[in-house]
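Q: In order, the protein sequences belong to chains A and B.
Each residue of the first sequence is one higher than the one before, counting from -14 in this note's numbering.
Each residue of the second sequence is one higher than the one before, counting from 14 in this note's numbering.
Check before you lean on any hint, since a few could be wrong.
Said to hold, decoys possible - Straight-line Cα separation of at most 20 Å, SDA-like style, residue types lysine to any residue; simulated pairs: (1) A:K122 to B:R88; (2) A:K122 to B:T111; (3) B:K201 to B:G246.
Hints are computed from structural coordinates only; laboratory data are not their basis.
Remember, predicted model here, so these are calculated numbers, not experimental data.
One letter stands for each residue in the lines below.
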Amino acid sequence: MSWPDLRDLLWEGIKETAWMVGVSTVLTAIGGLLIGVLLVLTARGGLLPARPVHAVLGLVVNVTRSLPFVILLVAIIPFTRALVGTTIGTTAAIVPLTIGAIPFFARLVETSIREVTPDVVAAAVAMGASRRQIVAKVLLREARPGLIAGLTITVVALLGYSALAGVVGGGGLGDLAIRYGYQRFETGVMVATVIVLIVFVQLVQSVGDLIVRLLSHD
Amino acid sequence: MIEINGVRKTYRSRRRTVVAVDDVNLTVGEGEIFGVVGRSGAGKSTLLRCANLLERPDAGTVTVDGVELTALGGRRLRDARHRIGMVHQHFALLSSRTVAGNVAFPMELTGVPRPERRARIAELLELVGLGDRADAYPAQLSGGQKQRVGIARALAVRPRVLLSDEATSALDPDTTASILELLRDLNKELGLTILLITHEMGVVKSICHSAAVMREGRFTESGEIPELLRRPGSELARGLFPLSAADAGPGETVLDVTVSGGGADEPLLAEVSRRFDLDLRILGGGVETLAATRAGRLRIAVPGAEITGPLDYLRSRGALVEVAS
Ligand SMILES: Nc1ncnc2c1ncn2[C@@H]1O[C@H](COP(=O)(O)OP(=O)(O)OP(=O)(O)O)[C@@H](O)[C@H]1O
Ligand SMILES: [Mg+2]
């Protein structure tokens, strides 16, 4: 394959992957934060204890996390179709990616928030902070380094899963590697794709680490 | 200023029930520093957490600055809490905020406008002696400095009451002394009422006007310090002035003499010695200036078993005399 062709292919793959992973990351961040915070709040001794809510939420998270991604991909096809009107292509891949990543990130959010010492939360309550203020100004704020580290791990995982989404015609770099590298024995394309993916992961991790470093003050 | 009436708090777990606070009554007057001492597990922290309803008592009422907290909930309780400062053993500062940010925190909660916040932060940091560390993060401060930030933060919204749970327990003796001095100054200058928990008698000695001893959830004694010192068998007096066991010589009677107020500075023992022609031996003890009074407690050995004369004399001079052996 000629370089201009390869370049165009790669560029197309990069754009598709960036779109899939980018949108999934934003949606996952929102969903994961929401569920993670809820898991902490509704836990026993939490700020808004609610046993049943906590139990159901925990179960849903665990079930989703224990499903192999490929199975999840297939299992939610009807849901995907209902939501985006199609089951192939990058936009369709965003649905299973997000649904797979939210519980993963939610647990990381939960863990990070639990690291905030109860002492500090008690101090805020003693100062007359409302629940909303405690979540925003104490829990999420104090947990920021952990949250960013967790999001970094999640983005890297999403990159990996997005390659898998290629299997069902999701597009992106993974799709490229499979279609050309694997099915047509174009080793050059395969190697180039892998290199691009490595660069992606390195980039995400470095940026994540940098932000964590800037946010940590201990 | 702080009125705790019949407060009880029970913790239940599957295995056991702990009555952490058991029917405690406590009144802290305006401008008073009240100390609660007791062993680990006595229920001191639980009691303090009941004072701002961090723990809601199972029974009894808590009234602070004229507001009955136990009758409130939600927004009204939060509003009341804005006027109660609290200082914590492990400082409980926000690690993600600078010193200035930590002091700003309670003001943000109550919606103090930014320019006003700025001015108040500068004023408070000056007050606690951290004027030059506004931009430092807690991790960059020493324990004593962190506690100063904790105190500045507690004072930010001008509370009239300060609650302190072992504020100096994590600090070395010199730093402890400086923090206590700060609390005493705040009490004098702002008329701040302070309810503090400690397991160090030194804290009670140096700043408390009144104190209570807590054991298994109950107050075993409680009152103003000069009055407690005059109370026979007072545990607090023993704690404030520990007397080492010293054996009496043959035919000697050992007396523990406690004096407080003006009596502490009178040559009482010399008078007894002269008047009854006795050779007294001092076995131990000391005289000190407490926050509330000047007081002393001495263990002395008196020759002979017939001691009614000196005993009555000492008592007539206002001393508390207990026969130790
Ligand atoms: N949240 C809780 N759940 C169950 N039991 C508790 C809880 N908090 C305190 N207790 C129990 O209540 C009793 C009193 O505890 P508290 O912390 O008030 O003691 P303390 O006098 O402050 O002790 P220390 O000097 O060690 O701080 C203890 O037996 C403790 O185990
Ligand atoms: Mg305690």
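Q: Would you mind marking each hint as holding or not holding in the structure?
A: Evaluation of the provided hints:
1. Taking the CA atoms of A:K122 and B:R88, the gap is about 18 Å. The hint holds against a cut of 20 Å.
2. Of the pairs offered as hints, the one joining A:K122 and B:T111 holds, with about 14 Å between alpha carbons and a cut-off of 20 Å not exceeded.
3. Proposed proximity of B:K201 and B:G246 is contradicted: the alpha carbons are some 32 Å apart, above 20 Å.
Hint check: a violation occurs at hint 3 only; the rest are consistent with the structure.
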